[in-house]
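Here the protein sequences come in this chain order: P and F. Per the UniProt record's numbering: the first sequence = residues 1 to 261. Per the UniProt record's numbering: the second sequence = residues 1 to 161.
Derived from the structure by calculation, the hints contain no laboratory data. Incorrect hints may have been included.
Not the full set, but computed from the structure, chain P residues with beta-carbon under 7 Å of chain F [as the list claims (entries may be wrong)]:
hint : residue
1    : Met-1
2    : Phe-4
3    : Asp-14
4    : Gln-31
5    : Met-43
6    : Pro-44
7    : Ser-49
8    : Ser-51
9    : Asp-54
10   : Ala-92
11   : Ala-98
12   : Arg-102
13   : Ile-235
14   : His-239
The C-beta atom is built at its ideal place from N, Cα and C for all residues, glycine as well.
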Amino acid sequence: MYSFDMVRPTSVADAVAALGQEDAQALSGGQTLIPTLKQRLAMPSVLVSLSGIDELKGLSVSDGVMEIKGATTHATVAREGGDYPGLAALAANIGDPAVRNRGTIGGSIANNDPSACYPAAALGSGATIVTNTREIAADEFFQGMFTTALEEGEIVTAVRFPIPEKAAYMKFEQPASRFALVGVFVAKYADGVRVAVTGASNDGVHRWSAAEEALSANFAPDAVEGLSVPADNMIADLHGSAAYRAHLVGVMTKRAVAAAD
Amino acid sequence: MTDVTMTVNGKPVTRSVRGNTLMTEFLREELRLTGTHVGCDTSQCGACVIHVNGADVKACTMFAAEAEGAEVTTIEGMANADGSLNVIQQAFQDHHGLQCGFCTPGMVMTAAALLRDNPRPTEHEIRDYLEGNICRCTGYHNIVKAIMAASGQDVSAIAAE
Numbered sequence: 001m002y003s004f005d006m007v008r009p010t011s012v013a014d015a016v017a018a019l020g021q022e023d024a025q026a027l028s029g030g031q032t033l034i035p036t037l038k039q040r041l042a043m044p045s046v047l048v049s050l051s052g053i054d055e056l057k058g059l060s061v062s063d064g065v066m067e068i069k070g071a072t073t074h075a076t077v078a079r080e081g082g083d084y085p086g087l088a089a090l091a092a093n094i095g096d097p098a099v100r101n102r103g104t105i106g107g108s109i110a111n112n113d114p115s116a117c118y119p120a121a122a123l124g125s126g127a128t129i130v131t132n133t134r135e136i137a138a139d140e141f142f143q144g145m146f147t148t149a150l151e152e153g154e155i156v157t158a159v160r161f162p163i164p165e166k167a168a169y170m171k172f173e174q175p176a177s178r179f180a181l182v183g184v185f186v187a188k189y190a191d192g193v194r195v196a197v198t199g200a201s202n203d204g205v206h207r208w209s210a211a212e213e214a215l216s217a218n219f220a221p222d223a224v225e226g227l228s229v230p231a232d233n234m235i236a237d238l239h240g241s242a243a244y245r246a247h248l249v250g251v252m253t254k255r256a257v258a259a260a261d
Numbered sequence: 001m002t003d004v005t006m007t008v009n010g011k012p013v014t015r016s017v018r019g020n021t022l023m024t025e026f027l028r029e030e031l032r033l034t035g036t037h038v039g040c041d042t043s044q045c046g047a048c049v050i051h052v053n054g055a056d057v058k059a060c061t062m063f064a065a066e067a068e069g070a071e072v073t074t075i076e077g078m079a080n081a082d083g084s085l086n087v088i089q090q091a092f093q094d095h096h097g098l099q100c101g102f103c104t105p106g107m108v109m110t111a112a113a114l115l116r117d118n119p120r121p122t123e124h125e126i127r128d129y130l131e132g133n134i135c136r137c138t139g140y141h142n143i144v145k146a147i148m149a150a151s152g153q154d155v156s157a158i159a160a161e
């Protein structure tokens with residue numbers, strides 16, 4: 001691998017200071033970033049590891065909100081996130097067991113891979129992304145494939161999920177990579193239903209507002225039966241055409257509604 | 001270069017490492033523990049699975065500097081104290097859970113992690129947990145059998161067809 005320096009601060013303040021250096025890049029679990037470095041698709045000169053910062057780890061629940069610190073691994077959320085079963089189940093099915101022991105929620109959210117699972121949960125739950133400087137609503141945070149509202153050197157310190165009455169995530173796995181070919185997160189709150197779609201669109205994770213309206217009126221799989229998803233801006237590749245992905249959005253939404261608990 | 005200190009298979013080690021030194025390189029080239037295999041180097045195949053603070057991780061996708069202070073276990077640390085194969089390793093031998101053997105260290109490390117959290121997994125749970133470990137020889141049936149056997153369960157029904 002090409003040469004770079006690594007620093008391993010033990011506080012968010014020290015990490016932010018280290019990220020002020022030229023060409024510095026935050027490293028969380030590294031399950032996406034390290035393969036990216038090997039391919040030289042990213043070539044920072046300094047990596048600032050967040051794995052030694054205790055204040056970035058752990059989850060807690062209060063007043064109906066689950067707060068997950070940025071460097072909390074998927075395995076921890078799967079194991080300890082039982083107060084939000086739909087989210088814990090999503091975390092338990094990201095990658096494989098060894099990946100889940102390193103990969104973190106902050107890393108996933110900050111990368112905003114168009115096929116990643118966590119962005120769908122954050123957007124579908126109307127979560128708040130907390131950084132070292134501010135709080136950002138999920139609706140404002142995700143700005144298209146690999147693009148977020150984060151500024152240079154800004155760190156995701158936590159994600160706050162309002163716990164819904166019911167929720168579920170359904171992922172149609174691309175059979176080789178096991179990433180989401182299409183994934184749909186459905187969450188039912190007292191004031192309405194949110195539906196977030198990952199894997200499908202050239203714009204990355206997004207909400208499906210027609211389904212949200214239909215499901216808010218009638219939370220049943222049949223409610224989205226007559227809705228069609230436009231294929232205009234869907235990803236098309238050798239794994240599936242745009243029309244196929246558009247169709248899957250409807251199918252996975254129905255399955256998520258049926259599975260929601 | 002940064003000094004990193006960790007415990008590997010019960011022995012404390014300190015080495016000076018570059019920022020970009022992966023755990024696979026550290027174990028294989030610095031410590032000469034070549035049982036941790038590098039298959040794909042892209043975190044797909046699982047031949048490099050080790051335990052860091054008790055959790056199974058892919059050594060090709062973790063930097064050595066991040067293991068500062070950690071308890072690391074590799075396949076070299078899995079045998080019984082007298083050098084005989086441990087129960088999982090012995091089950092792999094008894095049930096022909098390997099052919100070329102390249103994936104086997106990672107399979108054993110992953111199986112050990114599974115059985116620690118779930119001492120009597122179902123066949124489905126075993127296959128699910130092995131999602132990140134690829135074997136190109138066995139077709140997996142005998143690996144699943146070995147893990148069932150290592151957990152003290154009957155293997156006669158596995159892959160009988």
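Hints violated by the structure (numbers, ascending): 3, 5, 6, 9, 10, 13, 14
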